[in-house]
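**Student:** The listed protein sequences derive, respectively, from chains R and U.
All letters in the first sequence, in the order written, are residues 1 to 117 by the numbering used here.
All letters in the second sequence, in the order written, are residues 1001 to 1114 by the numbering used here.
In short, the hints are calculated from the structure, not lab data.
The structure presented is a predicted model; accordingly, all values stated were derived computationally and were not measured.
The reader is advised that the hints may include incorrect statements.
Said to hold, decoys possible - Covered stretches of chain R, as calculated for chain U (at least 3 residues, CB under 8 Å):
#: 1; segment: 63 to 72
#: 2; segment: 108 to 115
Claimed, not checked - To give an idea of the chain U side of the interface with chain R (calculated C-beta under 7 Å), a few residues:
#: 3; residue: Glu-1008
#: 4; residue: Lys-1101
#: 5; residue: Phe-1104
Said to hold, decoys possible - Pair by pair, the computed Cβ-Cβ distance ranges are:
#: 6; chain 1: U; residue 1: Ala-1053; chain 2: R; residue 2: Ser-96; range: 22 to 30 Å
#: 7; chain 1: U; residue 1: Val-1082; chain 2: R; residue 2: Ala-72; range: 35 to 43 Å
#: 8; chain 1: R; residue 1: Asp-57; chain 2: U; residue 2: Pro-1114; range: 44 to 52 Å
#: 9; chain 1: R; residue 1: Gln-17; chain 2: U; residue 2: Lys-1060; range: 38 to 46 Å
#: 10; chain 1: R; residue 1: Pro-81; chain 2: U; residue 2: Thr-1020; range: 24 to 32 Å
#: 11; chain 1: R; residue 1: Leu-117; chain 2: U; residue 2: Gly-1029; range: 38 to 46 Å
#: 12; chain 1: R; residue 1: Met-39; chain 2: U; residue 2: Thr-1071; range: 39 to 47 Å
Glycine included, every Cβ here is placed at the ideal spot set by N, Cα and C.
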Amino acid sequence: DAGVIQSPRHEVTEMGQEVTLRCKPISGHNSLFWYRQTMMRGLELLIYFNNNVPIDDSGMPEDRFSAKMPNASFSTLKIQPSEPRDSAVYFCASSSWLAGGMAGELFFGEGSRLTVL
Amino acid sequence: GNSVTQMEGPVTLSEEAFLTINCTYTATGYPSLFWYVQYPGEGLQLLLKATKADDKGSNKGFEATYRKETTSFHLEKGSVQVSDSAVYFCALSEGYNQGGKLIFGQGTELSVKP
């Protein structure tokens, strides 16, 4: 069974360029999360979706960041324009709800390492 | 707000040594608690979890007990191996109907030397 699939694995771009990160969650999961990992700030939750609907985007740092989930099997995180301080590893994770409203285990992708020069 | 605090790393141990990584939390309500592990170049994966007070989670020789009275969830292993070298994250869930949102600690890097 395929896990969470992220692309690209590595992206190097120049300041001001648009960056799009992609995620395919595990089939049947109905929650999707975007996290950012840096040495300075650790793991930060950027946004999460339940049943394709954004629930909490309070972690999105600025208007330059946007995320979409057009269907249950695909999500994107876009940065436009990108800046050097956006350099980080971006993780997508998915999970499914259990009975009683509790969430199941979070499954993480391998991450997209972004470097903005 | 809810938060998780872990002991700072890196932690360096010799093979077969005893491991403790401290984790304390602040939360309203009754969160579930987790330990995730991240091996180099990979995403995080669940190591163990506990969903209520006094529960003990265990996996691969690691264990942690949910202590509500001390708001702690310390990770322990009796005899570490070189293959346990990784970054360990303590996390809590914000309870029901939060869609699985997890709050992570800052991570503790473990290095085990042969």
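**Student:** Quick one: which hint numbers does this structure break? Sort them smallest to largest.
**Tutor:** The structure conflicts with hints 1, 3, 10 and 12, although it agrees with all the remaining ones.
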